[in-house]
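Asker: Chains A and B supply the protein sequences, listed in that same order.
Numbering of the first sequence is given in this note's numbering, commencing with residue 1 and proceeding in unit increments.
Numbering of the second sequence is given in this note's numbering, commencing with residue 1 and proceeding in unit increments.
Quick caveat, the hints were computed from the structure, so don't treat them as lab data.
For each residue, glycine too, the CB sits at the ideal point set by N, CA and C.
Worth double-checking, as some hints may not be accurate.
[Claimed, not checked] Ranges between beta-carbon positions, derived for each pair:
{"id": "1", "chain 1": "A", "residue 1": "S333", "chain 2": "B", "residue 2": "S44", "range": "31 to 39 Å"}
{"id": "2", "chain 1": "B", "residue 1": "K212", "chain 2": "A", "residue 2": "A401", "range": "23 to 31 Å"}
{"id": "3", "chain 1": "A", "residue 1": "G348", "chain 2": "B", "residue 2": "E224", "range": "52 to 60 Å"}
{"id": "4", "chain 1": "B", "residue 1": "I13", "chain 2": "A", "residue 2": "A19", "range": "23 to 31 Å"}
{"id": "5", "chain 1": "B", "residue 1": "V223", "chain 2": "A", "residue 2": "D410", "range": "39 to 47 Å"}
{"id": "6", "chain 1": "A", "residue 1": "A390", "chain 2": "B", "residue 2": "T121", "range": "36 to 44 Å"}
{"id": "7", "chain 1": "A", "residue 1": "A401", "chain 2": "B", "residue 2": "E224", "range": "41 to 49 Å"}
{"id": "8", "chain 1": "B", "residue 1": "D177", "chain 2": "A", "residue 2": "A19", "range": "34 to 42 Å"}
{"id": "9", "chain 1": "A", "residue 1": "I364", "chain 2": "B", "residue 2": "A79", "range": "48 to 56 Å"}
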Amino acid sequence: MNFLQSLKMAWRSITGKKARSVLTILSIFIGIAAVMTIVSVMEGMKEHTRQQYAAMGSNRINVSVYTWGEDANTPPTDYFPMLYDYCAGMKDLVDGITPRGNCGATVVYGTKTTANMEYKYDDDWNLISAPPDRLYGSDQYAACNNLKIQKGRDISYLDVENIAQVCVLGAQTAPLFFGTADPIGQKLQVNGLNFEVIGVYAPRLSDASAQQSNMDNLILFPYTARRLLGDPFSSEFIVKAKNSAVLNEVISRLAGFLKGKVNTQTGGYNVWSENQWQESENQQMTMIGLVLGGIAAISLIVGGIGIMNIMLVTVTERTREIGIRRAVGAQKSTIVMQFLIEAAMLCGFGGIVGILVGTVGSIILSRSLFQITIYPQFGVTMLAFGLSVALGLLFGSYPAAKAAKLQPVDALRAE
Amino acid sequence: MEHLIELRDVFKIYDEGLESEVRALDGVSLTIDRGEFVAIIGQSGSGKSTLMNILGCLDVPTRGEYLLDGISVGTLTDAQLSKIRNQQVGFIFQQYHLLPTLNAVENVELPLIYQGMDNETRRATAMAALERVGLAARAKNFPKQFSGGQQQRIAIARAISAHPPIVMADEPTGALDSRTGKEVLAFLRKLNDEGSTVILITHDNSIAATAKRRIRISDGRIVEDYLQEEAPL
């Protein structure tokens, strides 16, 4: 009997028992589609965070200074000016430094006010509008946050020195106040003071994903304007190292500098790299991915058990058929081969349907959740497919081999 | 001349040594020559079906020797036994044993498929066999679309499609009315006239009477081996 005939025979058996075949295909298809979709969604999540970090820029160093105990009441020193000067002294290692500080003031333009701006979502829980972040920064804020001026000019060293009443808007913020009109030269009222818009930053992310992250929705004031607006000075700073090679050098220099300045009896300091965060966040996501993948793998195994069940029933049900085939001259090996091909065909169909649905599911889910198109990984696809086919073959051939071992007459007698 | 079939003191014992021991065949010796029409007759449980299963290589004896065409069957491998069932013996069963998922001609093709015959020759050979039993016009119909008698004719077509020298029929008329039963017997007779060795298993004396040779079996032993010169029919 040649292979083509075996295929034809298997096809006849499969189409001859439609309900059984559909059930088998279903149990494989669900497993494969689940594994593929979950793994792809995890990949999408990773890629999404990677893009966020990439948008902020890498090689950022966080510096924080703190005090405790009875001296908590004593106004602590503003470390920013000395850190700024120190960083200016290592221009070959550092791109810039800026404080991390939030401004509590309400920003008003005509009838538009940040007090009325709320987080708004559409029906699919996509963020459509949000109040802007009001931030204090140095003239190097843009360098530290991977921002570039699109229109007008950035905050300058002199703006900071002179406590200029100016501000720069993020790409998402300008339309909130001014719509399509040119914001440059317009005056925003902040706690009753006029602040002139001098520039607008270019967007850092693609439109859809920027909208989601709200990253480009900000109003940046010169750091010294905090005195006009009544905010305390910052104790947290961002330093941007030139590249990853000098990152550790900069960290140790900053730590060494602060060691000489901060009184460790009444406080302390921390200097750490955001790259580490990124790594640990990545690791965390890999862990979550493994757990979810494990759950999906269980569904694949459950599917495999389903196949086993169906195959066992099938073989029992078809013992007489095996007897008839043996009586007209089929060898044991031919019978086992026939069942193997049949099981492989069923699993193959299930696998193909599963891969199709898994691919579509991955693309749709990663798009709607992360605005990124993730195509399922080839390795995962093959693993899921291979596993279910292996299960099908194993559980399809074992009972068949058992049935083929019977004397033909015993198989014929089976009911 | 060498016998076609020779059994030497053959036993088939189930649960040997236990209390439930059953001796389906209890020391059977017999010879059958080419071209014979033999009826094996016996009550239900007498061992006649067991005898046919062993003769047709569907089962193996517990003890004793079975020579088919001078070859001792006990020494053969599964592949060799399968080849004998495929090429030397055609089986006709009481319950027809057709595969419900295959149509008439595909059922008839089954033995030919296992011979590795190419598609066109196989289809032509199977159609010729269906033609002989008068069902060629309905070759594409499935077994459940046929009456019992017609299904048995398909089964006969399957048994003779590979032109085996031996045809074995186990109660072939058991599920049929007497008129269709007679047709089946007449067909077996025709095959015998054309040279096939026919072994017919039955519990019915009147059916056995149509055979030239009758072997009566009871409790696993041959109790009568009768040859009549002129069989009625």
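Asker: Compare the structure with each hint and give your call.
Answerer: We went through each hint and held it up to the structure:
no. : hint                        : verdict
1   : S333/A x S44/B: 31 to 39 Å  : holds, 36 Å
2   : K212/B x A401/A: 23 to 31 Å : violated, 44 Å
3   : G348/A x E224/B: 52 to 60 Å : holds, 59 Å
4   : I13/B x A19/A: 23 to 31 Å   : violated, 43 Å
5   : V223/B x D410/A: 39 to 47 Å : violated, 27 Å
6   : A390/A x T121/B: 36 to 44 Å : holds, 38 Å
7   : A401/A x E224/B: 41 to 49 Å : holds, 43 Å
8   : D177/B x A19/A: 34 to 42 Å  : holds, 35 Å
9   : I364/A x A79/B: 48 to 56 Å  : holds, 53 Å
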